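Here the protein sequences line up with chains A and B, keeping their order.
Under the numbering used here, the very last position in the first sequence is 380; numbers go up by exactly one each time.
Under the numbering used here, the very last position in the second sequence is 306; numbers go up by exactly one each time.
I should point out that these hints are in silico values taken from the structure, not numbers from a laboratory.
Hints may contain errors.
Okay, derived cross-link-like pairs now, DSBU-like style, lysine-lysine, Cα gap no bigger than 30 Å in a straight line [claimed, not checked]:
(1) Lys-352(A) <-> Lys-56(B)
(2) Lys-350(A) <-> Lys-106(B)
(3) Lys-106(B) <-> Lys-162(B)
(4) Lys-208(B) <-> Lys-316(A)
(5) Lys-200(A) <-> Lys-246(A)
(6) Lys-352(A) <-> Lys-106(B)
(7) Lys-191(A) <-> Lys-214(B)
(8) Lys-162(B) <-> Lys-350(A)
(9) Lys-187(A) <-> Lys-106(B)
Please read these numbers as outputs of a predicted model, since none were measured by experiment.
The lines below spell out each chain.
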Amino acid sequence: MNLEHAIVIDHQPIQGGYNLLHMRAPAVAPKVKPGQFIHVKVPHLEECVLRRPFSVFRADGDTLAILYKDVGKGTHTLRYLKAGESLSILGPLGHGFPAPQTGRYPVIVAGGYGMAALYLTARTSPVKGVAFFGGRAAKDILCVSDFEALGWTVHVTTEDGSLGRRGIVTDALDAWWKAEGAGRAPELFVCGPGGMLKAVAARALQQGWPAWTSMDNNMGCGVGACLTCVLKVKDGDGWTWARACREGPVFDARDVVWEELA
Amino acid sequence: MNPDVSVNIGGIRMKNPVMTASGTFGYGPEYAELVDLNQLGAIVVKGICLNPTKGNPTPRTAEVASGLLNAIGLPGPGVDGFVSEYMPFLRNYDVPVIVNIWGKTVEEYAEVAARFDAVPGIAGLEVNVSCPNIKEGSALFGTDIRMFERVVKEIRKATKLPLMPKLAPNVSDIAEYARCAEACGADAISLINSFPAMGVDLKTRKPVLANKTGGLTGPAIKPIALRLVWLAAKAVKIPVVGMGGITTAEDALEFLMVGASAVAVGTASFTTPDTALRVAQGIRDFMAREGLSSLSHWVGTLKA
Numbered sequence: 119m120n121l122e123h124a125i126v127i128d129h130q131p132i133q134g135g136y137n138l139l140h141m142r143a144p145a146v147a148p149k150v151k152p153g154q155f156i157h158v159k160v161p162h163l164e165e166c167v168l169r170r171p172f173s174v175f176r177a178d179g180d181t182l183a184i185l186y187k188d189v190g191k192g193t194h195t196l197r198y199l200k201a202g203e204s205l206s207i208l209g210p211l212g213h214g215f216p217a218p219q220t221g222r223y224p225v226i227v228a229g230g231y232g233m234a235a236l237y238l239t240a241r242t243s244p245v246k247g248v249a250f251f252g253g254r255a256a257k258d259i260l261c262v263s264d265f266e267a268l269g270w271t272v273h274v275t276t277e278d279g280s281l282g283r284r285g286i287v288t289d290a291l292d293a294w295w296k297a298e299g300a301g302r303a304p305e306l307f308v309c310g311p312g313g314m315l316k317a318v319a320a321r322a323l324q325q326g327w328p329a330w331t332s333m334d335n336n337m338g339c340g341v342g343a344c345l346t347c348v349l350k351v352k353d354g355d356g357w358t359w360a361r362a363c364r365e366g367p368v369f370d371a372r373d374v375v376w377e378e379l380a
Numbered sequence: 003m004n005p006d007v008s009v010n011i012g013g014i015r016m017k018n019p020v021m022t023a024s025g026t027f028g029y030g031p032e033y034a035e036l037v038d039l040n041q042l043g044a045i046v047v048k049g050i051c052l053n054p055t056k057g058n059p060t061p062r063t064a065e066v067a068s069g070l071l072n073a074i075g076l077p078g079p080g081v082d083g084f085v086s087e088y089m090p091f092l093r094n095y096d097v098p099v100i101v102n103i104w105g106k107t108v109e110e111y112a113e114v115a116a117r118f119d120a121v122p123g124i125a126g127l128e129v130n131v132s133c134p135n136i137k138e139g140s141a142l143f144g145t146d147i148r149m150f151e152r153v154v155k156e157i158r159k160a161t162k163l164p165l166m167p168k169l170a171p172n173v174s175d176i177a178e179y180a181r182c183a184e185a186c187g188a189d190a191i192s193l194i195n196s197f198p199a200m201g202v203d204l205k206t207r208k209p210v211l212a213n214k215t216g217g218l219t220g221p222a223i224k225p226i227a228l229r230l231v232w233l234a235a236k237a238v239k240i241p242v243v244g245m246g247g248i249t250t251a252e253d254a255l256e257f258l259m260v261g262a263s264a265v266a267v268g269t270a271s272f273t274t275p276d277t278a279l280r281v282a283q284g285i286r287d288f289m290a291r292e293g294l295s296s297l298s299h300w301v302g303t304l305k306a
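Can you make the complete structure from the sequences, with help from the hints?
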């Protein structure tokens with residue numbers, strides 16, 4: 119992990135309140151593994167004492183990109199950052215997604231901008247699998263062409279039916295399994311809102327599929343010191359806390375105490 | 003000129019006057035990839051009680067204007083867990099290790115202190131009598147002068163290590179606690195702990211912390227801390243370690259000027275992990291600029 123001043127190369131709104139921030143970060147970018155995150159000190163926001171965590175979307179050479187939605191004070195201020203400006207980043211942080219297992223069929227399940235955390239897994243996976251993207255509406259479905267360009271098949275669902283199949287992402291996953299699951303041994307890579315993670319994990323556990331879920335907990339220091347981002351994981355017959363920033367953000371779905379998740 | 007910034011805090015010899023504040027720097031390894039621990043004045047580790055503890059439910063922190071609310075609830079590995087998991091790591095460094103200790107009873111405080119007395123590589127003990135997030139014990143020891151006196155006296159009997167009670171800010175007369183610590187044989191005092199506080203959510207009509215209330219830290223509490231450190235330093239002869247919202251060398255120099263002999267960086271380490279090192283370097287630069295050969299020429303020089 120490194121602390122460095124990254125330089126903004128490009129910063130553009132994509133659609134529906136989502137933005138793509140591309141930066142040069144020679145100390146951090148080359149070390150990024152799929153599913154890891156960076157911790158960003160939002161410039162011009164001196165009253166905020168905490169950094170903001172963002173999954174790394176792409177990492178190429180000495181540059182990396184994050185994809186984010188304007189959801190609060192931090193991201194709202196971040197939006198105004200222009201090319202050429204610098205920002206302090208800490209990373210890469212956390213344990214990301216493992217390399218897909220040989221002999222299994224990789225399946226990506228993403229809710230909203232959760233796909234950003236999964237792009238590097240799709241790119242490095244030797245087998246091009248199937249990806250399920252779910253969101254409220256067409257504007258929440260991002261980067262389908264990026265995944266298709268890697269050779270993955272993308273199934274889109276929206277709650278309002280404005281793009282792809284109408285429904286939620288697990289509907290599409292269930293339908294695919296019924297129609298095309300025969301003879302396949304899936305391995306799931308999942309990122310999205312808590313409710314979606316829980317629903318997908320429940321299917322994986324029931325079916326006995328390996329599943330890796332990226333947990334989006336509120337975070338403080340990002341390095342394991344403050345113990346803000348803890349979640350309950352199984353420990354023998356009981357439970358113990360695990361830090362999303364250190365032991366995670368990606369957890370084996372079998373380890374998470376899902377009942378405790380809001 | 004190469005100014006002398008070394009200090010001796012009640013028998014703890016530090017290369018520079020900047021330590022980490024308990025609870026904001028883990029146990030050391032968390033930041034070791036980013037911060038050269040050898041360059042810290044001292045490491046103060048997160049609070050340790052006798053047995054392993056799980057701490058509070060989540061949410062445990064919430065950001066507020068220029069500060070952070072927390073109610074972590076002192077989760078930790080207990081004395082044995084800390085000694086076996088972290089001391090081998092910490093002994094690799096040339097930096098004083100100060101263990102922050104707490105207990106639910108006077109007896110537990112004394113036992114924890116006694117146990118650490120026998121552990122090689124520990125430079126001193128900071129006594130947490132003032133955590134606002136523990137239901138039994140801790141906060142009470144910090145805000146009731148008789149309880150405070152009892153616990154400091156018992157710990158003093160239990161250990162020969164340099165002893166540094168950490169004072170609570172929410173008392174009516176901080177000088178009384180400072181003097182009491184000195185009279186009970188403390189080698190130094192540190193202050194302030196976080197200030198009791200809360201935040202609420204208008205949508206859910208619930209407190210923002212699972213513990214309902216918590217402690218406020220960060221730049222928001224700096225002026226409160228500065229006054230209390232000034233009052234405490236005037237009241238005692240033992241060294242005072244000042245903390246509360248220190249983010250820059252200027253902040254630290256203010257605490258030193260009002261009478262602190264050393265300072266601690268807390269919440270600012272979350273924002274920028276190497277803040278303590280930057281603050282130490284900034285103090286050196288300031289002294290060189292001002293022609294101050296020794297920190298003692300600056301400490302307590304407030305004209306008031």
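List of violated hint numbers, smallest to largest: 5, 8 and 9
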